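Working from the sequences, and respecting the hints, build out all of it.
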Amino acid sequence: MNKRAVIFLLLFAIAASGIYLLFRRDFASGPKLGAFAPDFTLKDAKQQDVPLASLRGKVVLLNFWATWCGPCQEEMPSLEALYQRYKDKGFVVVGVSLDEEGWPAIEAFTRRIPVSFPILLDAQQATSDLYQVYRIPETYLIDPTGKIVDKFVGPQNYDKEIFYRKVERYLPSS
Numbered sequence: 001m002n003k004r005a006v007i008f009l010l011l012f013a014i015a016a017s018g019i020y021l022l023f024r025r026d027f028a029s030g031p032k033l034g035a036f037a038p039d040f041t042l043k044d045a046k047q048q049d050v051p052l053a054s055l056r057g058k059v060v061l062l063n064f065w066a067t068w069c070g071p072c073q074e075e076m077p078s079l080e081a082l083y084q085r086y087k088d089k090g091f092v093v094v095g096v097s098l099d100e101e102g103w104p105a106i107e108a109f110t111r112r113i114p115v116s117f118p119i120l121l122d123a124q125q126a127t128s129d130l131y132q133v134y135r136i137p138e139t140y141l142i143d144p145t146g147k148i149v150d151k152f153v154g155p156q157n158y159d160k161e162i163f164y165r166k167v168e169r170y171l172p173s174s
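Residues in the sequence shown are numbered from 1 upward in steps of one, following the working numbering.
In short, the hints are calculated from the structure, not lab data. Keep in mind that the hints are not guaranteed to be accurate.
Derived DEER-like restraints, expressed as beta-carbon distance ranges [unchecked claim]:
no., residue 1, residue 2, range
1, ILE7, ALA35, 40 to 50 angstroms
2, TYR164, PRO104, 29 to 39 angstroms
3, GLN124, TYR164, 28 to 38 angstroms
4, ILE162, ILE7, 36 to 46 angstroms
5, GLN84, ARG111, 16 to 26 angstroms
6, ILE7, ASP39, 49 to 59 angstroms
7, GLU168, GLY34, 50 to 60 angstroms
Listed next, the in silico DSS-like pairs over lysine-lysine satisfying Cα-Cα at most 27 angstroms (straight line) [to be verified]:
no., residue 1, residue 2
8, LYS87, LYS151
9, LYS32, LYS147
10, LYS32, LYS151
11, LYS147, LYS160
12, LYS46, LYS87
13, LYS32, LYS166
14, LYS3, LYS46
15, LYS160, LYS43
16, LYS87, LYS32
17, LYS160, LYS89
18, LYS151, LYS89
19, LYS147, LYS166
20, LYS151, LYS43
21, LYS89, LYS166
22, LYS32, LYS43
23, LYS151, LYS166
24, LYS3, LYS89
25, LYS43, LYS3
26, LYS160, LYS87
27, LYS87, LYS3
28, LYS43, LYS87
29, LYS46, LYS89
30, LYS160, LYS32
Every value quoted in this text rests on a predicted model; they were computed, and no experiment measured them. Even glycine gets a Cβ: it sits at the ideal position worked out from N, Cα and C.
This is how it looks when you write it as structure tokens:
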């Protein structure tokens with residue numbers, strides 16, 4: 001191999017590694033697995049304050065999303081199905097909307113794609129900053145003690161056996 005080819009391959013490897021690390025940061029950023037989920041308080045559709053700490057004792061699937069996000073729209077029906085499956089067993093899905101347009105955008109969205117789980121508004125994106133959310137959808141699974149036990153970046157199909165097992169592992173015993 002000539003010198004020019006070796007230099008090209010070396011530069012290509014460095015560039016590829018840099019690009020990989022740049023896009024990989026969403027998995028490495030934010031609260032770490034095993035850490036307590038940072039607490040926050042956001043308003044629901046009735047303008048009531050909902051602190052994350054008020055959900056202690058339940059398994060929480062905390063989903064950061066927005067109405068304009070295509071992948072978020074794709075996963076909403078499966079989030080709703082998972083919520084319906086376990087909502088009476090100590091499980092809750094909490095959607096944190098990053099919509100700057102506020103409740104009118106969310107209400108229009110939920111007329112089109114109905115969901116019954118709680119949605120909170122983070123229009124100023126203070127909570128998404130706290131969680132270092134760089135790409136949506138981004139979702140955290142939080143156990144009943146408030147610890148983060150899993151994280152999912154990008155759209156998922158939550159209505160599957162693998163997610164049932166993840167949730168069931170942390171459900172409070174009856």
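Quick rundown of the hints versus the structure:
{"no.": "1", "hint": "ILE7 - ALA35: 40 to 50 angstroms", "in the structure": "43 angstroms, holds"}
{"no.": "2", "hint": "TYR164 - PRO104: 29 to 39 angstroms", "in the structure": "35 angstroms, holds"}
{"no.": "3", "hint": "GLN124 - TYR164: 28 to 38 angstroms", "in the structure": "35 angstroms, holds"}
{"no.": "4", "hint": "ILE162 - ILE7: 36 to 46 angstroms", "in the structure": "45 angstroms, holds"}
{"no.": "5", "hint": "GLN84 - ARG111: 16 to 26 angstroms", "in the structure": "19 angstroms, holds"}
{"no.": "6", "hint": "ILE7 - ASP39: 49 to 59 angstroms", "in the structure": "51 angstroms, holds"}
{"no.": "7", "hint": "GLU168 - GLY34: 50 to 60 angstroms", "in the structure": "20 angstroms, violated"}
{"no.": "8", "hint": "LYS87 - LYS151", "in the structure": "20 angstroms, holds"}
{"no.": "9", "hint": "LYS32 - LYS147", "in the structure": "9 angstroms, holds"}
{"no.": "10", "hint": "LYS32 - LYS151", "in the structure": "9 angstroms, holds"}
{"no.": "11", "hint": "LYS147 - LYS160", "in the structure": "23 angstroms, holds"}
{"no.": "12", "hint": "LYS46 - LYS87", "in the structure": "20 angstroms, holds"}
{"no.": "13", "hint": "LYS32 - LYS166", "in the structure": "17 angstroms, holds"}
{"no.": "14", "hint": "LYS3 - LYS46", "in the structure": "67 angstroms, violated"}
{"no.": "15", "hint": "LYS160 - LYS43", "in the structure": "30 angstroms, violated"}
{"no.": "16", "hint": "LYS87 - LYS32", "in the structure": "26 angstroms, holds"}
{"no.": "17", "hint": "LYS160 - LYS89", "in the structure": "18 angstroms, holds"}
{"no.": "18", "hint": "LYS151 - LYS89", "in the structure": "21 angstroms, holds"}
{"no.": "19", "hint": "LYS147 - LYS166", "in the structure": "14 angstroms, holds"}
{"no.": "20", "hint": "LYS151 - LYS43", "in the structure": "23 angstroms, holds"}
{"no.": "21", "hint": "LYS89 - LYS166", "in the structure": "14 angstroms, holds"}
{"no.": "22", "hint": "LYS32 - LYS43", "in the structure": "25 angstroms, holds"}
{"no.": "23", "hint": "LYS151 - LYS166", "in the structure": "11 angstroms, holds"}
{"no.": "24", "hint": "LYS3 - LYS89", "in the structure": "65 angstroms, violated"}
{"no.": "25", "hint": "LYS43 - LYS3", "in the structure": "62 angstroms, violated"}
{"no.": "26", "hint": "LYS160 - LYS87", "in the structure": "16 angstroms, holds"}
{"no.": "27", "hint": "LYS87 - LYS3", "in the structure": "63 angstroms, violated"}
{"no.": "28", "hint": "LYS43 - LYS87", "in the structure": "21 angstroms, holds"}
{"no.": "29", "hint": "LYS46 - LYS89", "in the structure": "25 angstroms, holds"}
{"no.": "30", "hint": "LYS160 - LYS32", "in the structure": "25 angstroms, holds"}
Going down the numbered hints, you'll see the structure goes against 7, 14, 15, 24, 25, 27, while the others check out.
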